[in-house]
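Full structure from sequences and hints, please.
The letter at position 214 of the first sequence is residue 214 when you use the numbering used here, and the numbering goes up by one with no holes.
Don't take each hint at face value.
Ranges of calculated distance between the beta carbons of each label pair, as one might list FRET restraints [unchecked claim]:
(1) N181 x K406: 18 to 26 Å
(2) N482 x R422: 27 to 35 Å
(3) E382 x R422: 41 to 49 Å
(4) P499 x A100: 46 to 54 Å
(5) L310 x Q398: 29 to 37 Å
In short, the hints are calculated from the structure, not lab data. Glycine included, every Cβ here is placed at the ideal spot set by N, Cα and C.
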Amino acid sequence: MTEPSRFYLTTAIDYPNSRPHIGTAFEKIGADVQARYRRMSGNTVHFLMGNDENTIKVAKRAAELGRDPKEYCDDMARQFKEVWKALDISNDDFIQTSEARHHAGCRAFIQKVYDAGHIYKGAYEGLYCEGCEAFKTEKEIKEAGGVCPDHKVPPIKRSEPCYFFALSKFQDRLLRFYDENPGFIQPESRRNEILSLVQGGLQDVNITRQGQDWGIKVPFDEQFTIYVWFDALLNYITAIGYGTDDERFRKWWPADIHFIGKDITRFHCALWPAMLWAAGEEPPRSVFGHGFVYVKNEETGAAEKISKSLGNVVEPMDIVTKFSGEAFRYYFLRECPFPGDGEFSWQRFKDVFNSELANNLGNLYSRCITLVSKNYDGHLDETAGRKPGVIYTEVDTQTTAQQVQKHIEACQYNQALERIWRQILDPANRYAEKTEPWKLVKTDKEAARHVLYDLVEQLRCAAILLKPFLPRMAETIYRGFNFPQPWAEVRYEDVWVHPLQAEDLRVLAPLEAGKVKPLFPRIN
RNA sequence: CCCGGGGUGGAGCAGUGGUAGCUCGCCAGGCUCAUAACCUGGAGGUCGCAGGUUCAAAUCCUGCCCCCGGAACCA
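Pasting the structure below:
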């Protein structure tokens, strides 16, 4: 991959018109696993998230509520952050594009591009709704049946002066760049899409709006504000100091990976590199366009796009409060392939939770702890300095750990988790069944002790491998025993290095009548 | 019309040339340490359709059908 020292990753910034839904959260979780994994791997990580606030819609929404736009944005940002916190998203920074650092960086950037001659004045013609006092896309109008979706009146054609960014000039350079950097656009399917798009020719893009109060003023012509993408994309650099702290900016740029939804791939893969070149900066190292989450209609069985009009919006907190942030993370990481699309249904959620988290992982943890605590008073003698035995020979744990690493690096989180379950946890349950330590303890207590030591080793491996995915439960499992490595310092290598116990293995988990509290209580 | 993705046992997926695999669900046993959890076995698929290449195709080629998404303020 990239140089091991620093790793800068971002997610798309969200519109604060409405609260985040499970699809928005899907992206953050996928990025979070990557961030946590990189930290474990010894990288100095900077993980950025944020909200995209300089839009007409935001100003309008605030006006509807009779609130000051900035105050409204701050309140929404607070709500977003609450959700991300509940999901244990480990972002290092959260940028709001209404912040001064973003405004300053944006103005510096656009001025530079202007001075370099990549911006020219022209006129924009589009479909305009007088009720909204805004231009509408053809798609919006078409979907509403030829009228404005908000005001139900047909739009009028309107032309206004504006500034264009000369994107078309960068077509050849982009194609050359894709060719020289085959890993730039991920996954592969997205790459093909962008390739054909750019080969088909690029149009210059309108980057300003006239007569808006809310937003960033164009420094070389203050009657205009910067329009959407030319503002939003810049958050990735203004957040790390572009235009305000050059040293910091140089430290982190270029980004190692931008996580975005597949729908905005074109902006990140075509427009964004061109903008950066125009300002004399490097493009990001890679862009990952993840899939979408659809909601299963329980009546028809059909997968529906999440939308307010369909009334099928599921908010993360709906799930988190009923289950947990960990369960939420597990479901989407295991059930929805990150590069492709996935589906959510409450029934499926329950099934996955019960079979994989409660019955498999949680139950293995419970049975191991009980066996050790009840039969050995929580203390396995003579395990200090002793290597655990191998319980599964088809695939050794080193291979498994490396397969998991490979999958994480390719953002194939569902496959990484499947490996852990099939190659670490299932074999442990089978091994317990085969060796029957609950019986063996009555005839050969020493042999049973070794069996239990081997079983607990599987929990140790699973906890380490699961650290980026289920940070809390992985820690709970790990701290249930006196494993030698401090939790904060464990790395994937520790899975196969088997650092020896300095002292005999002991159960540290709090017990009641010799039993632990279930990690994932079954849902009925 | 164009572009992209996809069609594999009831559901969800893996599988890019060599006896069709996994999870859930279902059926039957076993076990009883554990969260009525765990383990074993079983039923269930002509891998969208039709041709072709090959000793051999879910996998490569051609044509067709169907589903989903996209075309520039939408994660």
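Hints, one by one, checked against the model:
no.	hint	result
1	N181 x K406: 18 to 26 Å	21 Å, holds
2	N482 x R422: 27 to 35 Å	28 Å, holds
3	E382 x R422: 41 to 49 Å	32 Å, violated
4	P499 x A100: 46 to 54 Å	48 Å, holds
5	L310 x Q398: 29 to 37 Å	47 Å, violated
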